[in-house]
Amino acid sequence: MANPTLIDLVLWVISGWLVIGFLGILTLHKFTFVARVLFPLGGVGGLILALLALRSLNSGVDENRTLPIGLPQLIFHLRLDALSSFFLLVLGVVIFGVSIFSAGYFRNSAGTAPGLLALEFHFFIASMALVLISDDAYVFMVAWESMAMSSYFLVTANHKMPKIRAAGFLYLLVAHIGAIALLLSFGVLQANSGDYTFSNMRIQSLSPFWASVAFVLAVFGFGAKAGILPLHIWLPEAHPAAPSPVSALMSGIMLKIAVYGMLRVSFDLLHIHLWWWGVLLLVLGLGTALFGVIFAAVQSDMKRLLAYSSIENIGLLFSAMGLALLFYSYGMNTIAALALTACLYHVAAHAVFKSLLFLVTGSVLHATGERNLGRLGGLIRFMPWVAWLAFIGVLASSGLPPFSGFVSEWLLLQSFLFTPSLPQPILNMFIPVATASIALTAALAGYAMVKFFGVVFLGQPREEKLNHAQDAGLFEKIGMVWLAVVTLLLGLLPNLTIDLMEPVMRVLVGQGLAGESKSHGWWLLTPISIERASYSPVYFLIGIATAIAFTFILVRILYHARLRRSAPWAGGHAWTNSRMQDTAEGYGQPIRQVFEPFFSMKRQLPKPDDLEPKYEVIVSDKFWEGLYMPVVRLTEFLSALVGRLQRGRISIYLLYSFITLIFLLLLVPGVKI
Amino acid sequence: MILRQIFLQSIVSGASLLLAPLLMGWVSQLRAWLQNRKGPGILQPYRALHKLFNKDSVMADTASPLFRFAPYLVFGCMVLASAIVPTFSTELPLAKAADAIALVGIFALARIFISLAAMDIGTAFGTLGARREMFVGFLAEPALLMIFFTSSLIAHSTSLITIVHSLTGSSFAIYPSLVFAAFAFILIFLAENARVPVDNPSTHLELTMIHEALILEYSGRHLALLEWAASLKLFAYSSVGIALFLPWGINEAGSDISFLYAIPLFIFKLFSIGILLALIETFSAKMRIFRVPEFLATAFLLAVIGMLTYILLGA
Amino acid sequence: MNPLVLVFAAPLLGSLVLAVMGHKPHGRNVNVAFSFGTLLAALFLTIKIVAEGPLFAFNSQFFIDSLNIFLVTLTAFIGFTTSVFSRPYMRIEEDRGKMTHSRMRLYFSMYQLFSFCMLLALTTNNMGILWVAMEAATLTTVLLVSVYRTPASLEAAWKYFILCGVGIAQALMGTILLYMASQKVIAPGLNPLLWTNLNASKSILNPTIMSLAFVFLLVGYGTKVGLAPLHNWLPDAHAEGPTPISAVLSGLLLNVALYAVIRCKILTDGALNNNFAGNLMIGFGLLSVLVGAFSLLRQRDIKRMFSYSSIEHMGIMTFAFGMGGPIANFAGLLHMTVHALSKSAVFFAVGHAAQKAKSQMMDDIRGLIKVSPTVGWGLMMGTLAILGMPPFGIFASEFLILTSAMHQLPWSAPILLLGLAVAFGAIFSRVQPMVFGETNVKPLPHSPALLPVFLHLGLALMLGLYIPNYLNQWFLQAVAIIGG
Amino acid sequence: MTELSIQLINLFASILLLLAFAMLAQRRVINLVHIYAMQGLTVVSATSIVAFVTHQEHLYYSAVMTLALKVFLIPLVLHRLIKRLDIRWDVETLINIPSMMLVGIVLVIFSFNLSLPISKLSTSVTPGTLGIALACVLLSFMMMITRSKALPQVIGFLSMENALVFAATSATYGMPMVVELGIALDVLVGVFILGVFMFQIREQFESLDISHLENLKEE
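Protein chains in written order, with this note's numbering: chain A, 1 to 673; chain B, 1 to 315; chain C, 1 to 484; chain D, 1 to 219.
Calculated from the structure, these hints are not laboratory results. Mixed in with the good hints, there may be bad ones.
[Stated by the list, open to error] The calculated lysine to any residue pairs, modelled on SDA-like cross-linking and capped at a C-alpha distance of 25 Å, are:
1. A:LYS465 x A:ILE553
2. A:LYS30 x C:VAL371
3. B:LYS51 x A:LYS30
4. D:LYS217 x C:ALA152
5. B:LYS55 x A:PHE552
6. B:LYS286 x B:ARG31
7. C:LYS370 x A:ILE553
8. C:LYS24 x C:VAL371
9. C:LYS358 x D:ASN31
10. C:LYS48 x A:PHE33
Input sequences plus hints: build the corresponding full structure.
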């Protein structure tokens with residue numbers, strides 16, 4: 001091809017990943033080759049993909065391509081438009097960091113052979129990219145389920161532990177049920193035309209009832225993948241089970257793919273939009289966000305903590321989407337664009353900082369072999385690189401200015417402030433509550449993140465072995481630095497990022513924000529108007545930096561006091577040791593107390609005469625007992641009932657046949673008894 | 001034009017930097033008087049700062065760079081915060097960089113840094129303080145945000161300057177929603193500035209302390225910066241209160257003449273807030289730490305009700 | 001020479017030869033050779049059909065069109081791969097003393113005869129001969145199921161015989177009624193039992209007799225399809241017979257029975273002009289999906305579990321054909337093909353796994369991936385294929401079935417969703433610890449025949465991503481024949 | 001077709017039904033075999049009459065085949081089985097005989113009703129026979145359900161097959177020869193296989209009581 005189009009190049013990258021995967025199979029046990037060559041190569045693929053997506057966003061590409069595979073009446077339809085390009089950009093950026101990190105992360109001793117791991121890994125990222133460019137239901141579902149399957153194998157990479165297998169099973173089960181729901185949703189969308197391309201679905205006009213059915217099924221399907229309440233149950237199990245780079249990909253990208261699907265279906269494929277859809281998403285999202293963050297704050301396993309934090313962020317994304325849908329259904333497209341910008345911004349921001357944080361846990365895990373917060377601490381002294389990079393991620397995740405998480409939160413709150421203009425009075429009543437829970441979530445996220453960073457990296461090591469922890473290797477550092485730099489850029493340059501979203505907004509709601517948002521210069525973010533609201537992270541940073549620098553210099557010039565080092569003062573207590581620091585459980589105690597009704601708790605308190613006093617709190621999810629266990633029990637009951645059909649007695653079996661025959665004969669038209 | 005803006009901004013920031021300890025001193029002096037004590041004098045905070053800056057700083061040998069950096073950052077945050085809150089003038093070029101939401105963000109940033117710094121040494125008090133500080137924060141922060149939102153709804157803007165503009169606007173109007181917000185604000189004000197009944201700045205009792213536990217390991221210039229930052233915070237909060245609930249008489253852009261009455265009026269308002277604070281602190285008792293969530297939840301709910309009231313009544 | 005003769009001659013001759021020398025060491029290879037011969041003959045026939053269109057043979061007693069030609073090819077192909085799988089499998093069974101010489105002869109001879117019966121049932125045009133062939137297929141498999149002569153296998157075979165015998169008797173009643181209906185209206189001189197003749201005049205067949213006939217035929221052949229609640233023989237027969245037989249039972253016999261039902265449905269639809277037949281099939285299909293799925297949960301024997309999965313899948317196909325319409329029928333045919341391939345592949349892998357563990361109890365099978373990665377991955381991949389994970393072909397057909405069900409019969413969608421979800425959870429939760437995890441079992445003395453497993457899975461994979469044009473054309477023509 | 005032959009066929013149909021009831025009520029295994037042979041004879045007679053009346057040559061072959069198979073060969077085999085296996089009595093049916101008869105009557109009414117619309121449309125001279133054949137099928141079915149020994153079950157199965165052949169001859173004047181041959185062959189092979197099985201079952205379980213065949217089931 002003389003002049004390959006962008007979508008062709010994207011396809012080449014995807015095929016490149018598949019080739020890398022198969023090379024992995026060929027070099028099953030050649031660890032050095034797989035780690036030092038294949039993984040970085042895949043990372044470069046991610047970078048290329050990001051550049052292609054950037055190009056596509058800048059030039060406003062909308063390209064179609066069909067591949068002669070798939071079902072005969074339904075060959076693979078692929079399409080690269082602004083929405084897919086944006087998600088591809090995020091995907092590529094994150095994959096570059098994660099792949100480079102993986103090159104240094106995976107060890108030869110893990111349960112699965114390195115080559116197989118490479119296959120699963122690259123299959124996973126290739127299928128995620130394929131989901132993003134698919135333009136018919138079949139290829140979408142194929143890529144979607146391949147994504148679930150390959151990530152399942154990655155989650156169970158260390159399959160010798162029964163707990164990991166259980167987590168993997170739960171994950172795949174929820175993913176599969178969700179996928180069936182999606183399938184049914186597409187079944188509604190194609191409106192019995194037998195044509196499963198998205199372009200056909202766009203022109204179908206469904207009745208409000210059927211459109212709602214499709215929408216609700218899509219919410220169920222995508223929500224199961226994203227971890228929306230009450231389908232989140234797999235997420236805190238699977239993330240800790242998976243190797244850290246995989247958790248990073250799952251949390252950073254895979255959950256976003258579900259968001260992509262939700263956007264695609266609700267804004268692009270469905271032609272009508274009912275206001276209550278928005279409310280549904282909003283309520284689900286808010287509930288999920290609050291739930292996630294409350295649970296994040298009480299976890300004592302660092303990866304679980306981050307997993308719950310991902311649930312929270314997904315909740316925020318869904319509520320932003322719901323808000324956008326709400327505005328859009330009333331034709332308020334500008335404000336819908338504002339809410340959607342918040343959503344997409346958070347997609348990008350969360351993808352990057354959460355992958356960064358998961359990679360950090362990987363490095364910590366390698367250095368210490370511990371995931372339990374109760375046995376970590378003080379690592380900033382032994383692993384300064386990891387700690388400071390983690391710090392950037394933590395600040396972004398807490399939604400603090402001038403970091404990336406704050407921009408999206410800011411945009412989201414801005415869009416919430418427009419809700420009084422909605423024509424539905426009942427919605428207006430609901431908005432303060434919604435806003436309040438967003439604010440509460442944001443504040444609690446800070447709480448959880450302080451816990452994460454403080455307990456892992458600060459204080460004194462809680463175990464002796466931590467004193468020998470090594471900082472991350474070169475590949476790991478490069479991967480994390482890349483993600484940290486992107487996080488910083490996302491925080492500081494919101495207008496550039498919003499510029500990139502402009503074509504996406506045009507696809508989804510018909511108009512974007514870019515015209516207004518940078519009308520006062522690239523450095524000042526004014527999404528609606530300068531009088532309405534403005535935010536400039538660069539000024540912000542300069543302001544703080546100037547203040548700090550001034551203070552520092554002045555203090556140095558004016559005062560000449562020295563700095564001395566000594567043992568910690570600790571209020572004068574002479575015998576302090578590392579066990580006297582707050583534990584992770586202790587840190588979560590206020591949350592447990594305030595939000596007690598959310599949890600089901602089991603406490604083991606020491607008695608006065610215990611020789612080895614032990615204190616333990618097990619906090620578990622009420623959804624298990626309240627929702628999942630009854631379902632499991634019902635299923636078991638039904639299966640016992642069905643099992644009674646087969647009692648081994650041939651006479652009974654014959655009786656079944658006999659009754660069936662008689663029954664069917666009674667059904668014959670024209671037979672009267 | 002730009003020069004004028006930089007000049008004005010420096011004046012305002014400088015004024016807040018200098019005025020902040022004075023407010024602190026004023027409040028403690030008032031408290032002393034109300035409690036029939038003689039009091040250290042209104043200028044005591046300046047003397048204390050001077051003393052601390054000149055002392056050697058003793059730092060735990062386990063402290064990481066984070067610990068050393070935190071006081072500067074907290075101080076910087078507070079300087080920035082007081083630079084973007086309209087005090088006696090709305091002509092603040094930096095205010096464009098951060099609106100009300102970002103202001104809450106600044107406070108949160110400072111809070112997180114100081115909490116992490118407290119955890120850094122790894123003493124029992126430090127972690128205890130950090131936990132309590134974050135605990136107060138996660139309830140106070142959204143409440144503050146809600147208070148801002150109530151006024152944002154009225155002004156159709158989150159920019160603090162626009163809010164002040166529209167509240168002082170052409171016609172005088174009473175906003176019942178702001179009454180709720182004001183009550184909520186007072187509660188948050190007390191909690192955030194480590195005041196009785198939430199915290200007592202003048203005690204080191206381990207059962208109750210929050211703010212003091214955080215800065216227990218600091219000494220010398222670092223402690224001075226933190227103390228100064230605390231007074232700046234008090235000052236910023238007071239300014240916020242004035243801007244939202246008592247904005248009348250503020251200097252608007254373009255009328256230099258109004259500075260003549262705006263500045264004295266602002267100082268008067270500030271001192272009145274000091275009186276109010278001293279009264280509250282004198283007449284209430286310190287709460288148990290477990291009661292704090294109820295206290296803050298009340299503030300949070302009041303703020304939400306404020307927003308609801310606005311939507312119901314349109315005012 | 002008519003290639004059809006070869007298609008019949010190869011297995012018949014094989015049956016006779018193997019009855020004499022099946023116990024010899026190279027009897028296994030002879031079995032493979034005859035199966036291969038059948039496959040070649042079937043391919044030859046296929047090429048002829050592709051080139052020349054539908055074919056009548058032997059005084060119109062045999063008729064091959066697009067609906068059965070792909071089943072003929074499939075049957076010959078799976079017959080061949082199963083014979084390849086039988087080689088090491090039966091050798092190990094013989095080494096372990098489960099098979100004597102006479103049993104080996106019986107096994108191989110009946111294996112070939114069984115192939116013959118199925119090919120006969122598929123190609124015949126005469127509804128009577130169809131019945132005879134189906135009954136004969138039952139008889140041969142009864143002997144195959146009981147070949148170990150253990151109490152359990154005898155019990156299974158007895159139940160199989162009685163239940164299917166009674167079932168098939170109902171089908172004879174149906175055939176008689178069919179004959180009665182056609183006798184009245186068909187032009188003199190035409191054989192009233194030939195399907196082509198019936199099909200030509202189906203619109204003038206008496207609707208009442210036809211609906212009665214269809215009920216009998218559905219109960220009869222439906223018993224062989226394994227539709228709930230007529231399915232009770234199926235798990236026993238699958239679990240107690242030799243694994244190659246489980247593979248061909250699930251992969252082929254059930255398909256052939258369903259094929260018979262479809263042929264009857266075409267006639268009934270033509271006579272009735274309503275969806276009576278389809279509705280019955282929808283009901284049976286959904287019931288089978290539910291019964292199959294919920295039964296899966298309680299299984300401890302691995303072959304039993306996968307046989308319930310066959311019930312579930314036959315339910316899905318029956319549902320699809322019952323629903324009708326071009327997409328659902330296409331999907332049903334595709335599902336028949338891919339399910340046969342995947343399920344037999346699963347049984348191959350299961351066979352090796354159970355032989356390694358010397359037990360069919362799932363609790364005894366652990367850590368396959370460690371003992372033999374290929375068997376482990378074969379079982380894992382086969383399971384995922386059976387569970388409808390893309391890009392395996394079952395996903396493609398389930399995709400089409402579910403999406404069209406959502407519009408044609410929305411109320412059935414939750415039932416299917418429930419069934420598929422329960423089946424997924426049940427099977428996967430059992431297979432996962434078998435494939436993964438730790439074990440201390442030693443590898444087998446003879447290298448397992450895994451070529452069939454991966455060949456089948458490869459084909460199933462291919463059909464999920466790419467359906468060759470000629471196959472597509474067959475399917476489309478078959479869909480046109482089924483109509484509905 | 002003459003009036004007489006119609007009446008004869010109807011008579012044989014009634015005899016068949018009577019025998020079906022007799023089988024339902026009979027407890028002695030040896031008598032079951034006798035009844036089975038009588039059923040065969042009835043079918044043979046009916047077939048011959050139809051053959052005679054319609055002048056269909058292949059029906060004569062069919063009659064001869066049935067005679068050989070169902071009147072002589074299979075009863076003989078069954079006799080020897082009974083002797084070798086030493087089974088005389090089917091001790092207990094699962095439902096007592098009077099209630100079984102009652103259910104049987106309901107079944108007869110049901111099948112008559114079922115075949116009524118067909119009989120009305122039928123051009124055949126013996127419209128009632130289909131209903132009777134159907135009733136016989138259902139009665140044999142019920143017998144299989146209620147018997148607890150293997151051999152009576154098999155006899156039930158065979159008598160069901162008899163009823164089907166009767167239906168074929170009386171309602172349609174016989175299936176094509178190929179089909180009839182195939183059916184006969186299947187039945188013959190089936191009986192032999194069952195015979196072999198019964199020996200093996202007795203060897204393994206030391207009884208022919210099918211209640212021993214209840215080990216394969218769901219827990």
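A quick look at each hint next to the structure:
no., hint, verdict
1, A:LYS465 x A:ILE553, "violated (40 Å)"
2, A:LYS30 x C:VAL371, "holds (21 Å)"
3, B:LYS51 x A:LYS30, "violated (66 Å)"
4, D:LYS217 x C:ALA152, "holds (11 Å)"
5, B:LYS55 x A:PHE552, "holds (16 Å)"
6, B:LYS286 x B:ARG31, "holds (15 Å)"
7, C:LYS370 x A:ILE553, "violated (65 Å)"
8, C:LYS24 x C:VAL371, "violated (31 Å)"
9, C:LYS358 x D:ASN31, "violated (47 Å)"
10, C:LYS48 x A:PHE33, "violated (51 Å)"
Figure legend: structure checked against the earlier numbered hints; hints not met, in rising order: 1, 3, 7, 8, 9 and 10.
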